[in-house]
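Note that the protein sequences, when read in sequence, are chains A and B. For the record, in the first sequence the residue sitting at position 9 is 18 according to this note's numbering, with numbers rising by one throughout. For the record, in the second sequence the residue sitting at position 268 is 277 according to this note's numbering, with numbers rising by one throughout.
If you're looking for bench data, these hints aren't it; they were derived computationally from the structure. Incorrect hints may appear among the rest.
The list makes no distinction among identical chains, and a pair is therefore deemed to hold if it is satisfied within one copy or across any two copies.
As the list claims (entries may be wrong) - Straight-line distance between alpha carbons at most 20 Å, and here's what the computed SDA-like set of lysine to any residue pairs gives: (1) K296 / T248; (2) K296 / V39; (3) K313 / E45; (4) K338 / A129; (5) K296 / T30; (6) K117 / P299; (7) K338 / L128; (8) K65 / V281; (9) K65 / T248; (10) K99 / P224; (11) K338 / A22; (12) K338 / R24; (13) K338 / Y61; (14) K65 / F98; (15) K194 / Q326.
For clarity, every value in this text was computed on a predicted model and none was experimentally measured.
Residues per chain are reported as follows:
2 protein chains.
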Amino acid sequence: MTSNLLNRQVAFAARPDGEPTAETFFIREVPVTALESGQILCRNLMVSVDPYLRLKMYDRESYTPPLEFGETIPGRSVAQVVESAAPEFKAGDLVAIQGGWQEYEIVKARHAERVDPALANPVSWLGALGMTGFTAYGGLLSVGQPKEGETVVVSAAAGAVGLLVGQVARQVGCRVVGIAGGSEKCARVVSEFGFDACVDYRAADFEQQLTEATPEGVDVYFDNVGGEIAAAVTRRLNTFARVAICGLISQYNGQSDSDPKAMEEYLRWILVRRLTIRGFIVYDLHKNHPEFTEVMSGWLREGKVREVFQRYDGFEQIVPAFLGMLSGKNFGKSIVRIAEPS
Amino acid sequence: MTSNLLNRQVAFAARPDGEPTAETFFIREVPVTALESGQILCRNLMVSVDPYLRLKMYDRESYTPPLEFGETIPGRSVAQVVESAAPEFKAGDLVAIQGGWQEYEIVKARHAERVDPALANPVSWLGALGMTGFTAYGGLLSVGQPKEGETVVVSAAAGAVGLLVGQVARQVGCRVVGIAGGSEKCARVVSEFGFDACVDYRAADFEQQLTEATPEGVDVYFDNVGGEIAAAVTRRLNTFARVAICGLISQYNGQSDSDPKAMEEYLRWILVRRLTIRGFIVYDLHKNHPEFTEVMSGWLREGKVREVFQRYDGFEQIVPAFLGMLSGKNFGKSIVRIAEPS
C-alpha cells in the first residue's frame, strides 16, 4: 500500500547569509519507502517550526549538528499512523514524532509518543505538552530554580516558550515580568496570560521600564534572546540570581550588538552578584521531570496555563511560518496544519 | 595598660588610576583605645595582602564596599592576644582575626578564630587553613564540583588560591592544569606542587599549549583572572563543564582586553556547551564545608598539600608586598611578618 505514496518534503538548499529566505529551502517529492518490522508509517497532520533551526543553518559547532544540503528540515509533528509494523500502534492512532517538514515519515514505534486526545487537544503535543512546554517547565524549574515570592523575567515572552515560562512561574508563586517586542504583544502577555508586567524592548526607555517592573530586582532570568536585552536584565539581577540560557535569538542571524566592554562587565557582574549562569537544551532535563505531562496537562485542563498558537494552513505555508516566526511577528507557538486526520 | 600603646596603621589615601602605588596609602599612628567587655586586644604578628583589596579601591558596587579615604586597609592576620576582656582567650593566645594593616586591633572574642599550633604552623591560618585555603577548597568542591578523572584548569596557578585549588583537585583524582605567567613559575607549579601541566599565558603559542595540556578538554575551570585567559579556556570547555569565577585579576587595574564579539561568543558557548558559570566569594560557602579545617590540616600534615609563602619582613613592607603580589611577581601566598610572638 505504502509504495504508491509520494512524500513532499521541504529540504535545505543553501546556508543563508543573514536572515533565511524562501531560497534557503526547496521542495521535492520522493516515494515513501517500505516499512520494516517495529516501524510505523505516519502522516504528519501538523508540524512545528522552531528557532533552533536557524542555528542548524550555520556550518559551525553547536549543540545540534549543522544541516546538510538536501537534508529534510527536522521538526516535531503530530501525526496519524497510516500503517503499523509494530504492536504498540495501529492505523489511525495519533502520535507525536520527530516528523520533519514533510507529509510522511517512517519512525520506530519506540520513538513515537502516544497522543491521547482525552488528556488534551492534540496540538498541545507541539505546545505545552511537547518540547516547547518541557523546555519552559524543565528549564525554569531545574535551571532557574524559582522560589515563591521571587521575581522571574523571561525574554521573547510572547514566543512559544516564553509564554509558558511565565505561566509556570506564576504557578510557583513568582512575580513574572516578560520582555517582548511591541506594545500590542506586551499588552496581550499581561491581559491574557497573567504576567505581572511586560516590557517592550523596542521602547526608548526600555531599561527604565524594566527597572520599574522589577522593583525588587530579578532573581531568575530565563533568556531566549541574548544580546542587549540580556545585558539590560543582567544589570537588574540580585545576588545569587540564576540565569537559564535557553536561546539567543538576537544572535541567530549573525547580528552583533555587543560592545567592547560587555564581556568584561558580564564576568565582573557574575562575580560581584555571585550569579549562576547555565545553558541548557531540553534533552538535558528529561530525567529530572517524570511528572511533567501529568502536571502540565492538569494545568491546561484547569485553565491555569493557556496556550496560543499562530496557525498556518497548508504544506506550502511551512516556510512562511518559519520566516514569520523568526521575524518576531508571530504570537505564541507557530505551527502548520498540513493534513486533516482521517 | 593599653592606653599607653601607639598603633601604626596603613590607611587609604587616594583611589589609584590604574595600578596602585605607594601614594595610594599613608601611614599614621593612633592610640590604642580601651577594651570593652567581650573584646580582646590583639597584636598582629603577620598580615595578609590580598587581590580583592584592589576591587575595594574602586568607587563602584562590588561584593565588598569601596574603601573610604582614611580607612585602615583590611586584611586577615595572625595575632597574639595582648589583653583579654573575654573568657574565651587569655594573653598570649594566638588567634586569626580580621586584623587589618596595623600593629594592633581590638576585636570581639567571638570574631576571633583560635590558632592551634599543634594542628599546623600558625602562618597556615593565612594560607591553607585560612580564607585563602577555604576559597580554594570550598570554591572548587562546591562550585566546580570536580569528579575523579575530570580535567581541572586553574588560572593564577602560582598564586595563593591557585596553588591550593590544583592540589585539592589532585586529591579528588583529577588531571590538573595550571595557567601562570612565565616558564619559571610554571615549572615550579608542576615540579613542586604536583600539577600535571602548567601553561605560560605569556607564551606566543599559549592557546596551542593549553590545547595540548587538555587533550580531553576541560571539565572545571577555576578562574582567578578573567580576560583573554578566560576566553581561551572557555573554548576548551567540555559539554556540562563548570566555571567557578573566583577573581578577575586581569580586570582589577582597569585594563580591557575584550573584543566586541566576546560577549556574544561567550553566551553562545554557554548555550552550545551547556555550561554552568558561577561567581562566588568565600563567605557564601562556609556552611557547606564544616569538615574543612580537619581535612585540610590533615592533608598538610600528611604532605598531600604543600604551601608556599612569599614572606616580607617589617611593617613598612606591607605596601611593597601588596604591590608585588598585584604585579604578579610573587609565588604563593604573600604575607608580611610585622612582629614576633612574645
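Hint by hint, here is what the structure shows:
1. Taking the shortest Cα distances, K296 and T248 sit within 20 Å of each other only across copies (17 Å), while inside one copy they are farther apart (29 Å).
2. For the identical chains of this complex, K296 and V39 are neighbours neither inside a copy (37 Å) nor across copies (63 Å), given an alpha-carbon limit of 20 Å.
3. Taking identical chains as interchangeable, the C-alpha atoms of K313 and E45 are never at most 20 Å apart, the minima being 43 Å within one chain and 60 Å between chains.
4. When the C-alpha separation of K338 and A129 is checked against a cutoff of 20 Å, the pair qualifies neither within a copy, at 27 Å, nor between copies, at 67 Å.
5. With identical chains, the CA atoms of K296 and T30 are never at most 20 Å apart, being 37 Å at best within one copy and 55 Å at best between copies.
6. Taking identical chains as interchangeable, the C-alpha atoms of K117 and P299 are never at most 20 Å apart, the minima being 22 Å within one chain and 52 Å between chains.
7. For a Cα distance limit of 20 Å, the shortest separation of K338 from L128 qualifies neither inside one copy, at 30 Å, nor across copies, at 67 Å.
8. For the homomeric pair K65 and V281, the shortest alpha-carbon distance between copies (12 Å) is at most 20 Å, but the shortest distance inside one copy (35 Å) is not.
9. Taking the shortest Cα distances, K65 and T248 sit within 20 Å of each other only across copies (18 Å), while inside one copy they are farther apart (35 Å).
10. In this assembly of identical chains, the alpha carbons of K99 and P224 never lie at most 20 Å apart, being 55 Å within a copy and 50 Å across copies at closest.
11. Taking the shortest alpha-carbon separations for K338 and A22, neither the intra-copy value of 24 Å nor the inter-copy value of 57 Å comes in at or below 20 Å.
12. Proximity of K338 and R24 under a CA criterion of 20 Å is satisfied in neither setting, with 23 Å inside one chain copy and 50 Å between copies.
13. For a Cα distance limit of 20 Å, the shortest separation of K338 from Y61 inside one copy, 17 Å, qualifies, whereas the shortest one across copies, 47 Å, does not.
14. Taking identical chains as interchangeable, the C-alpha atoms of K65 and F98 are never at most 20 Å apart, the minima being 32 Å within one chain and 67 Å between chains.
15. Taking the closest pair of Cα atoms, K194 and Q326 never come within 20 Å of each other, the shortest separation being 23 Å inside a single copy and 63 Å across copies.
In summary, the numbered hints that this structure violates are 2, 3, 4, 5, 6, 7, 10, 11, 12, 14, 15.
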